[in-house]
Every structure is written in structure tokens, then in C-alpha cells.
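2 protein chains.
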Amino acid sequence: MKQGNVLIAQGGGPTAVINQSLVGAVLEARKFPQVKRVYGALHGVAGIVDEDFLDLTQETTNNLEQVAATPGSALGSTRIKPDKAFCSEMLKVLIAHNIRYFFYIGGNDSSDTLRIVQEFAEKKEYELISVHIPKTIDNDLVINDHTPGFPSAAKFVASAFSGVNLDNRALPGIYVGIVMGRHAGFLTAASALGRKSRDDGPHLIYLPERNFKISKFLDDVKKVHNRLGRCVVAVSEGIHDAKGNLITTKLTKNVERDAHGNVQLSGMGALADLLTNKIKTNLGIDRVRGDTFGYLQRSFLGVVSEIDQQEAREVGEKACQFALWNGASGSITIHRSGDYSVEYRLDPLVAVAGKTKVMPDEFINKDGTDVTSDFRMYLRPLLGGTMPEAFRLRAPFVKKRLHKKRSKE
Amino acid sequence: MKQGNVLIAQGGGPTAVINQSLVGAVLEARKFPQVKRVYGALHGVAGIVDEDFLDLTQETTNNLEQVAATPGSALGSTRIKPDKAFCSEMLKVLIAHNIRYFFYIGGNDSSDTLRIVQEFAEKKEYELISVHIPKTIDNDLVINDHTPGFPSAAKFVASAFSGVNLDNRALPGIYVGIVMGRHAGFLTAASALGRKSRDDGPHLIYLPERNFKISKFLDDVKKVHNRLGRCVVAVSEGIHDAKGNLITTKLTKNVERDAHGNVQLSGMGALADLLTNKIKTNLGIDRVRGDTFGYLQRSFLGVVSEIDQQEAREVGEKACQFALWNGASGSITIHRSGDYSVEYRLDPLVAVAGKTKVMPDEFINKDGTDVTSDFRMYLRPLLGGTMPEAFRLRAPFVKKRLHKKRSKE
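Quick note, the sequences are listed as chains A and B, same order. The opening residue of the first sequence carries number 1 in this note's numbering; numbering runs sequentially from there. The opening residue of the second sequence carries number 1 in this note's numbering; numbering runs sequentially from there.
A couple of the hints might just be wrong.
Unchecked claim - The following label-pair restraints were derived from C-beta to C-beta distances:
id	chain 1	residue 1	chain 2	residue 2	range
1	B	84	A	256	51 to 57 Å
2	A	341	B	277	47 to 53 Å
3	A	213	B	347	54 to 60 Å
4	B	377	A	336	48 to 54 Å
5	B	257	A	262	35 to 41 Å
6	B	283	A	96	54 to 60 Å
7	B	245	A	96	57 to 63 Å
Stated by the list, open to error - Under 10 Å between C-beta atoms, here's a sample of chain B residues computed to sit facing chain A:
id	residue
8	10
9	58
10	64
11	74
12	155
13	156
14	162
15	167
16	268
17	271
18	296
19	401
Said to hold, decoys possible - Okay, derived cross-link-like pairs now, DSSO-like style, lysine-lysine, Cα gap no bigger than 27 Å in a straight line:
id	chain 1	residue 1	chain 2	residue 2
20	A	355	A	84
21	A	250	B	280
22	B	400	A	124
23	A	216	A	243
24	B	123	B	84
25	A	2	B	400
26	A	36	A	92
27	A	36	B	399
28	B	400	A	399
Hint data in this document are derived by calculation from the structure and do not stem from the laboratory. C-beta: ideal position from N, C-alpha, C; glycine also.
Chain A with its partners taken away, still in its complex shape (with noise of 0.2 Å):
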């Protein structure tokens, strides 16, 4: 194989995992006699046009499997898609450094670009080998039965919401919860997860798979709360009426959008607090409470499903292999081979790049406010075996002496 140096970068939103990918590939990378040396860009292609590369053969196997456990791009990330002329710059720096290898971790945004980069060089007659390696809490890469950062964010989802619906329980009202996910619901999904008993909320899922309705929002809400005397809704961000329109913009006059055409969801409290306010001002219901996740579902320290770790770590080394064994580019991919396993693929990076997945209709209910059991089967055991499980009082009752009623709060 070509001799040369390995450039390895990430890009679009960080995960729990994503310094695993980061340090498999390192510590895979390292080994083959035909690397001179291991280069880390920093905030992605923004780093590869500014020359900022760290020198990651000179780099401690001790302080790169801490920095593997640890979430967030150690490399920094960028949101950046880079034009023709961004690609030119690119490639001249990636020439002058002698990259003959080059690993991308990112989503379909980021496998897109990898794409363009890849097919410049090859314009250029320039000898490259470029993998995309698979993340995004999003977990909307086709051809992929899941991806890597998607379970430690599902952990994360579920355990919120386990934690909630038992506050919620000990002090009775409404909670909505907002999720992160612009056009595939999996994460919000993943919600349904944190119920244990029968009555356990989530009560009601809402998802960008179906069309929004506040009015059909208002008689589910109302219906669950006339039952349980409670309710706990898990909306996705990326929930829209039936002509596209998300329900966000409904009320944010100034739309901010990325390089990429996204429109920003995260970081602010709007949608939760207009759903909280429909509840309150139609529904009549004292106390209503809604919460966005934010950040925290993809970046909170300590919360990581060890099956994830691993696959991280493995789809990190794969791109190495196909690279350096086999000279070939492409985007590895996950495939569930088992209850639980998995194999690894290289696919062409068109087949990936700029492609978005949903979930599939079998995953949600026939009201589009509830999950399947199908969904609960194929998202369990990604979760690993440290997800945490509630319990509850089984106590009998005592019989009254003075038979009261029970008083309304």
C-alpha cells in the first residue's frame, strides 16, 4: 500500500462515543509500517484548510483511552460544508502534508462532504483513500442498522424519562419533554424505554414520522389525564403539520439556519413552552411543566451505553482495516448479524452521503403516538446492561377508619 500519512478528522454534532471511533483508528492506524504519521485536524475540514493538525503518533495510549471514555470531539468540530473552492483548499493541504489516508467521523452531513473531497482528489489524479466513519445521535444513516453515538443518546433519553415519569407520578400534572432529532424520531423514540409498569410515562410519543396536530394533541393529552389523573409527553423538535412546516417556526420570527440549510432547533426552550401553554390555556390543567433536553442528551458526562462504546471503538479500527489492508474508500456500516451481534461493511460513500433514515412504519403505533414492540426489541439491547431500572412500592393498603374521601390536590 501507499506509504504516507493518516489525517483523521470529526465534524457535525459530538456524541458520548465519538472519541472511541477517534482513538480506534489511531491505535489501529499506528501499527501499519506504511503510516509515517497520525494527524488529528482540528474543528474538521476548518482545520484541514487552516493546516491545524495535531500530531497523534505523539500522543500517549494512556491519555488516548481517557480521552476515548470521554465524551464530546476531542479534535473539535466544525458546521462547516465546504463549496468547490473550500475543496481545492483542501486538497492542497492534504498534498503538502502527503495524506494518503483520510477518516472522516460525522453523520450523512459529514459523509457528504467526504464525498466531494474524495471525488476532487480523484479529479486531481491524487492518490487517496478516504473512509467515512458512521455517528450521529440522530440515528438516521441508511444502510446502517444503527449508529455509533445513538445508544449512549437513547440511554440517556430513557433514563430521563424513567426519572421524570417517577416525579411526575409523585407530584401528579402534566410533563413534556422536548427531544432532540430533526427528521428521524428514533432518539425521541427511544423515550419508550424508560417504562417499567403499565401506567409508567411516557404516555404519548410524538415523532417527525407523522404530521403534528395541536388539536389531536390537546384530546390525546386530555384523554391520558382523565385516566391517570397525569400525563408525560415526549415530543420530538422536529414535529411539523401536515404541510412541512415545523411547529417550532409557528412561533420564532427570527429562523436560524446552518451552513447545511438546517433549520436550529436545539437550544432554546420555544417549543416546549408553546405546547405547555396550549396545554395550560385549553386543557384547563393547573400544573404543566415541559422540559427541553438540550445539549445534555448528547454531551452529559458519564452516560454511555457500553455497547456503544464498543461499536465505536470497532467501526474506528474497521476504517483502518478497509484503508490499509485494502487500499479501498467508502463508509463502513453497521449490520445486526444476531440477538445481540453485529458485522461491519464498507459501502460505496454515495450509497451514504447526504441519504436521510426514518423510522420505518412497523416502529410506531397506528395513532403515531406510541412506539411498537418491534421498536423496543431493536433499540433494548444496544442500551447495554448498565441501564438503570425503577421500582415501586408493592405495599398493601390500609384499611380506612374514618372513610374519607379522597381530596383533590
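Based on the hints, put chain B in the right spot on chain A.
Same frame as chain A, but now just chain B:
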């Protein structure tokens, strides 16, 4: 000691370890021969007037231990503040069920409730021992070194800020996180324990112990942003101006109050949205994000300090020991006796009831935007030995070959 039944109830906001105190009291109470039955009242004082009691004598030890490790109030809670008529009804029920030992797990509002009930019983010459078991994530009970529930919530807040700091470092900008705490800033201050390196956030911490000025806040943020290119800010939901007006109420038309007269602060994202909009408008910084930690910080399943678990268990046990060996009413208080060790005392209910402790001056820096080392020394042992840590790469930079300048994102 008087033969009779024991009644235990939980009041106010749930915590991660409030069930440890419940189970500590139940298991201890079941050992005493003068105790016939151990009852648990559902939803605090509401369940007492309603005679909604579980017979916890008929609960397995295994299930009690599992409930102890579960966050939330297993018996349910209440925000009701009993008036005299309510207390009269409560006492009728206590007498009807021959309750001679009454334990109420709660904060300063709950301890005040207990004080009123106890005074009422004494007036009626009904022999009753009442013991307040401390609990609050706000850490605002007087006399106590700290309060069960606070260390676990503090661990959540420190872990959350440690994570969002990494996220903010990867994708630089401004991040504002809103933390619970009406009058006392302890929980917001806990964000400082998420730092490791000198440039780690939170870079600014705003507490209700100091007056908040928007103009100074904007200046502070600008200074940090100029220096580091990013800024992470921790803000207490209870921040107020020099006149004592809450910053939150400046934009909320319909202020909601609970039975204790407290303005509703949690369960909405308005304060974060106000502050991030001010930054966007006044400082012209692009990437400004705000999260409100909301109910997650007191209910999240799986994030708990083992020190907090042990102490919450012990205050429940001690309450029983003081009541059943010594026949003494009062409030259990926690005192730091070493580095790190504690002892428990019984103080008069009036000494704790309805009073609020805030952060002492020596815990807050001169500028009012950070905590001191004294505070960090105070809090660190409470977080326990399982507090996760964040690591960063330490590899050297690669020499530039094209000598390009760092582009602006």
C-alpha cells in the same frame, strides 16, 4: 416508649435519594417492639387527611432496597401547605390510626408543616413524636452542613456542565445553562466542579445571592468570548435585580405561584431564551445556545452520589433511633466532623422550619461570577468517588507547510 403505629410521608420536590431516607426509616422502625405497624402516607399531608396509607410492614426487604435505589418520591409528594383546618383533619386521622411516631421527609416548607402538626397535637394533648428528615436539592436548610438530595443533584449539574463544556469546545459559541435554585445558589455553583483544565467552563456563574444586571452579564460574556472564542455560563433560575424582582418574571405575563407563595420557575425555558436572545442581539455572536436543566437535575435515573445515598439512608435511620429510643421530636441535622465524615444531631423543629440558608460570602468570588476554592473543597467530597472525569488530547501540533492563517468559521 409508647406502643403504637409509625407513619412516614414525603413532601416537596422529589430527589435522587429521598427513598433511601424512607427505606432507612421503615427498616429501622420495623425492628422496635413498641411499633405495631409502619404506614406510609401517599402524597404527603394530602394522603394523611385522606387516610391513604400503605402498610409498609407488609413490604419485602428486597423490594424496599430496590425502591431505595430509585429516584422520585415512592410514596408520592405534595405542595399543599396545611392551614389550621387541614391540621385538625390530619390529627383526627393520626388519632384514629393510633399513630404515635410521625416522620416527614422534606425541605423547609415540609419541616414547617411538621412543626404546625406537632404544636397542634400538643395543644390537643395527643402524645405524638414528630421527626423531620431533611431533604432538598436546594441545600438551603439552616444548621445543616448540607442536605440529602443536594449532592446527587450537584453531581448531575457538574456532569452536565463538564459535558456541555466539551461540546462547546468542539463547536465554539456561547452556552447558557439554567439551574434550579430559588434563593440558594448551591446547585448552580456545583457547575464549577465540572471543570478540569483552566480554560474549561462554566466561565461565568450567576447566583441568586448576588444582584443580576443584564448589562454587566453581557460585558462579562463578551470578555470571556474575546479571550477564549467561546463562553459557557451557569445561571440560577432565581437570579433577580437589585430590587429583588426575578429576571424570569420580566417576560412572563402570568406568574404561577404554589401554595407556599413561591413563583413557579422550573418547567419552562423562558429565562434561557431571554438571556440567549440578549446575547445574540447585543453582542452579535452567531452560535448562542441555552438549555434549562429542568426536572432532569432532580429526577434523572442513574446519576447519584454514593455519599448522598449513604447519608440519606442514615438520616432516616437516625430519625427512628431518636424517636423510638429517646422519645424526642425534632429535626435531624447533618454536621461535618472531618474531611470527610459527618455526625447527626436532633435540633428543635422551630430551629429549622421555614428558614432558608443561602451561600455564605466566602463561597462566592469578589466579582460575583464564580465560586471560591472554599466552595470547591466543601462540595468535592459530597460528590463521591464515582464522579466521571473528562480528558483532552495533549499531542503536539504539526508544523505547517503552507503557512495558511486560521480561517474564521
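Against the structure, the hints come out as follows:
no.: 1; hint: 84(B) <-> 256(A): 51 to 57 Å; in the structure: 54 Å, holds
no.: 2; hint: 341(A) <-> 277(B): 47 to 53 Å; in the structure: 49 Å, holds
no.: 3; hint: 213(A) <-> 347(B): 54 to 60 Å; in the structure: 56 Å, holds
no.: 4; hint: 377(B) <-> 336(A): 48 to 54 Å; in the structure: 49 Å, holds
no.: 5; hint: 257(B) <-> 262(A): 35 to 41 Å; in the structure: 39 Å, holds
no.: 6; hint: 283(B) <-> 96(A): 54 to 60 Å; in the structure: 37 Å, violated
no.: 7; hint: 245(B) <-> 96(A): 57 to 63 Å; in the structure: 59 Å, holds
no.: 8; hint: 10; in the structure: 7 Å, holds
no.: 9; hint: 58; in the structure: 5 Å, holds
no.: 10; hint: 64; in the structure: 8 Å, holds
no.: 11; hint: 74; in the structure: 5 Å, holds
no.: 12; hint: 155; in the structure: 9 Å, holds
no.: 13; hint: 156; in the structure: 9 Å, holds
no.: 14; hint: 162; in the structure: 4 Å, holds
no.: 15; hint: 167; in the structure: 4 Å, holds
no.: 16; hint: 268; in the structure: 5 Å, holds
no.: 17; hint: 271; in the structure: 9 Å, holds
no.: 18; hint: 296; in the structure: 5 Å, holds
no.: 19; hint: 401; in the structure: 4 Å, holds
no.: 20; hint: 355(A) <-> 84(A); in the structure: 20 Å, holds
no.: 21; hint: 250(A) <-> 280(B); in the structure: 20 Å, holds
no.: 22; hint: 400(B) <-> 124(A); in the structure: 22 Å, holds
no.: 23; hint: 216(A) <-> 243(A); in the structure: 16 Å, holds
no.: 24; hint: 123(B) <-> 84(B); in the structure: 12 Å, holds
no.: 25; hint: 2(A) <-> 400(B); in the structure: 23 Å, holds
no.: 26; hint: 36(A) <-> 92(A); in the structure: 19 Å, holds
no.: 27; hint: 36(A) <-> 399(B); in the structure: 15 Å, holds
no.: 28; hint: 400(B) <-> 399(A); in the structure: 80 Å, violated
Figure legend: structure checked against the earlier numbered hints; hints not met, in rising order: 6, 28.
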